[in-house]
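Residue numbers (the numbering used here), protein chains in the order written: chain A, 1 to 282; chain B, 283 to 812.
Just so you know, not all the hints are guaranteed correct.
Stated by the list, open to error - Computed from the model, here is a short list of chain A residues facing chain B with C-beta under 7 angstroms:
{"hint": "1", "residue": "SER165"}
{"hint": "2", "residue": "ARG169"}
{"hint": "3", "residue": "ARG176"}
{"hint": "4", "residue": "VAL177"}
What the hints assert, rightly or not - Simulated coverage check for chain B against chain A, where a stretch passes if three residues somewhere in it have a Cβ under 8 angstroms from a Cβ of chain A:
{"hint": "5", "segment": "622-635"}
{"hint": "6", "segment": "639-652"}
{"hint": "7", "segment": "661-672"}
FYI, nobody ran anything at the bench for these hints, they're computed from the structure.
Even for Gly, the Cβ is constructed at its ideal location relative to N, Cα and C.
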Amino acid sequence: MTETGFLGAALRSRSLVLGAVLTAVFVLAAVVSFAWVPHDITSMNVPDRMKGPGGAHLLGTDHFGRDILSMIMVGARTSIAVAVVAVGIGMGFGVPLGLAAAARKGSLLDEVIMRGNDLVFAFPSLLIAIMITAVFGASALNAIIAIGIFNIPVFARLTRGAALSLWTRDYVMAARVAGKGATRISFEHILPNVTNLLIVQGTIQFSLGILAEAALSYVGLGAQPPLPSWGRMLADSQTMISIAPHMAIFPGLAILLTVLGLNLMGDGLRDLFDPKIRRVGR
Amino acid sequence: MSLLEIEGLDLDIHGEAILKGVSLGVAPGQIVGVIGESGSGKSMTAFSVMQLLPDGAMCRGRVTLNGHEMLALSEQSLCRLRGNEVGMVFQEPMTALNPIQTIGAQVAETILIHEDVSRAEAMSRARGALERCELPEAKFPLSRYPHELSGGQRQRVVIAMAIALRPKLLIADEPTTALDVTTQAQILQLLRRLVDEDGMGLMLITHDLAVVADMAHEIVIMRHGEVVEAGPTARVFAEMRHPYTRALFEASGHQPERDETRRDVPLLQVREVVRDYALPRTRLFAPQEHFRAVNGVSFEIAKGESLGLVGESGCGKSTLTRAILGLEEVQSGQILLDGEPVFTGHRPNREVRRRMQVVFQDPFGSFNPRWKVGPLVTEPFHLLDDPPTGAARDAAIAEALESVGLSAEDRHKYIHEFSGGQRQRIAIARALIIKPELIILDEAVSALDVSIRAQILDLLADLSGRFGLTYLFISHDLSVVRTITDRVMVMQAGEIVEEGPTALVFDAPQHDYTKTLIAAAPVLPDRGAA
Chain A
1 MTETGFLGAA LRSRSLVLGA VLTAVFVLAA VVSFAWVPHD ITSMNVPDRM KGPGGAHLLG
61 TDHFGRDILS MIMVGARTSI AVAVVAVGIG MGFGVPLGLA AAARKGSLLD EVIMRGNDLV
121 FAFPSLLIAI MITAVFGASA LNAIIAIGIF NIPVFARLTR GAALSLWTRD YVMAARVAGK
181 GATRISFEHI LPNVTNLLIV QGTIQFSLGI LAEAALSYVG LGAQPPLPSW GRMLADSQTM
241 ISIAPHMAIF PGLAILLTVL GLNLMGDGLR DLFDPKIRRV GR
Chain B
283 MSLLEIEGLD LDIHGEAILK GVSLGVAPGQ IVGVIGESGS GKSMTAFSVM QLLPDGAMCR
343 GRVTLNGHEM LALSEQSLCR LRGNEVGMVF QEPMTALNPI QTIGAQVAET ILIHEDVSRA
403 EAMSRARGAL ERCELPEAKF PLSRYPHELS GGQRQRVVIA MAIALRPKLL IADEPTTALD
463 VTTQAQILQL LRRLVDEDGM GLMLITHDLA VVADMAHEIV IMRHGEVVEA GPTARVFAEM
523 RHPYTRALFE ASGHQPERDE TRRDVPLLQV REVVRDYALP RTRLFAPQEH FRAVNGVSFE
583 IAKGESLGLV GESGCGKSTL TRAILGLEEV QSGQILLDGE PVFTGHRPNR EVRRRMQVVF
643 QDPFGSFNPR WKVGPLVTEP FHLLDDPPTG AARDAAIAEA LESVGLSAED RHKYIHEFSG
703 GQRQRIAIAR ALIIKPELII LDEAVSALDV SIRAQILDLL ADLSGRFGLT YLFISHDLSV
763 VRTITDRVMV MQAGEIVEEG PTALVFDAPQ HDYTKTLIAA APVLPDRGAA
């Protein structure tokens, strides 16, 4: 697979391009918010409260008179940070666990890792996340940890499954004949050949992470005020939905479009990698 | 009138010419062997007949099957013909069947698609088709699943699917390539019987001249999308008008030049080796059952000797290979290289391991697709305590690549840039780089085209002379073993049943199993004798 061929195919995939553009818009909004936002969101401006979209406030203001566009931009920071770290935790622990389980297939280690995964899978994830934040206190950090833990078995299983089939390849046998140990083979030969799958799963888990964060914030267990979060913006708008619907519509759209973008990107990447896995990965 | 008539068939895929003016015909009851190496267009010719072509394919010319103009038909009419008037058998019986459907359902499906019959009726006709393919009801009820069958039996099911509706034409694309010699002989015999009984035309596509030599009425030899020679089998073998036909024939029986002096210093000694595998427990506290894959095997290889190990799939030769390479520990017995055990204190002995290397069968699966050739070839350096670095490493890579006929610059390329034969050269370079004494060649030429195979065999013979290499040549292909080994061992069900100098074993086999193997192997007629 040549680089230009890969890029060409990527650009031809409509869902991939659309997904990447949507995702890029929100990442850009989050990055820009560090340097500049249209209005300060830490100060209240009660006379301007619940203004509709247009004028000085492009997407209107909330019940404290804060600019919704600015809130969404800063909120994107929270969502993306939570999702990045949660996926990071999932990959960071899940992938090595999966590689280890595959390398020692059928051993006690494999059993312990995989049954541990089953245990985590057996609990409804949001319920446990609520429990963790309830016990350790509501904060963005605890939300991250809770979401991250539920990403571990996803990546562990995916990695183990893909790695098992790679372990039967002749090049792994050749590496064993060259005296390489299981750890070395896992990182040199197995991991590079499962990255495609991990990237695809990563984008999908990323969007699930954003949704989970929004859900936790909605019930007040995620990021705490004054840090804005899309989920809490929705919760705040709830009582005022009939008089100021824009307060709910715009953060809702932000969540929808980001998750849609990430899912489209994940699907597109999967389509892109799948035939290549068969052709190149043989 | 011919059953299948292909005239001046051109095929382009995305503008690239795949077939150029191919013409051939198959008459009812006739077997036409289509022979060619990979990329010759032989499979594409078959797919053109079925009109099962990949995206972007453009056909020109004429393909007439039993009066139907195949190129002009709509997809709907083609569907009615496929399976009904023309059946197809593929190379890989492992993937040609759906693993979650019973064999009965799969054979009956063909019938249900094409004829308005009840399910029970279709099932009973499926039974008949399986019966004709020598899968009797008592042992192979319709409720069997593909995983319960061996490779040869699966191929019989595939054939039963293809002939269930008694098609006029059967296309078999390398139907026996994935099978052992004895199974191959049985499948070929079955195909011949079906052709005789039904008066069906058979287009037998293969890369192996010997397979078609005593079976096909006519032979078509293809190369680079063109037919280079065609005619009745006897005439083609007798005349061999085209130089490529001669080259193909010579490559099939190629005898590399080897130094055949007797040697007596033992290098590898295998003594009474036993290897058991634990079988999965059927019940929680059931006693652990074992499967004995290698049972009391003993042999020696002298320095500089080339020993062949022949056996069919499942005979334990791969298990033995892994034991010799020190990848798995044996339950009893000893494996010594130059007097040193390959396993010491339950750990592989690095001292011994660095003196042997291996070359595998599949030139496509032997390399990590994400690595460049340089690091791939130097992987065995891991076995050295003090691997060369910098300029010394570069020199070693260059030497290894050049000694197998590649250039030192190839180290910067990825593996997918090489052809199958080149990849096998790279695999040999990887084995050579730490200057081992013993190289185990595990079906190392089985996946290659005959002309490439001849080149690799020459290379191996040459390297053995230059570097004083000892080979353990493992193969199911008797003709290959015969040309390159001094001695040969025949393995069956974990035991060595016969051992002796190659020529002696082949000319005067003692054990029944050896006799069966040799009788089953297809042979090429002598040149000019036919």
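Results of checking the hints against the structure:
1. SER165: violated, 11 angstroms
2. ARG169: Since chain B brings a Cβ to about 5 angstroms from ARG169(A), closer than 7 angstroms, the hint holds.
3. ARG176: holds, 6 angstroms
4. VAL177: holds, 5 angstroms
5. 622-635: holds (count 3)
6. 639-652: holds (count 12)
7. 661-672: holds (count 5)
Taken one by one, the earlier hints fail for this structure only at number 1.
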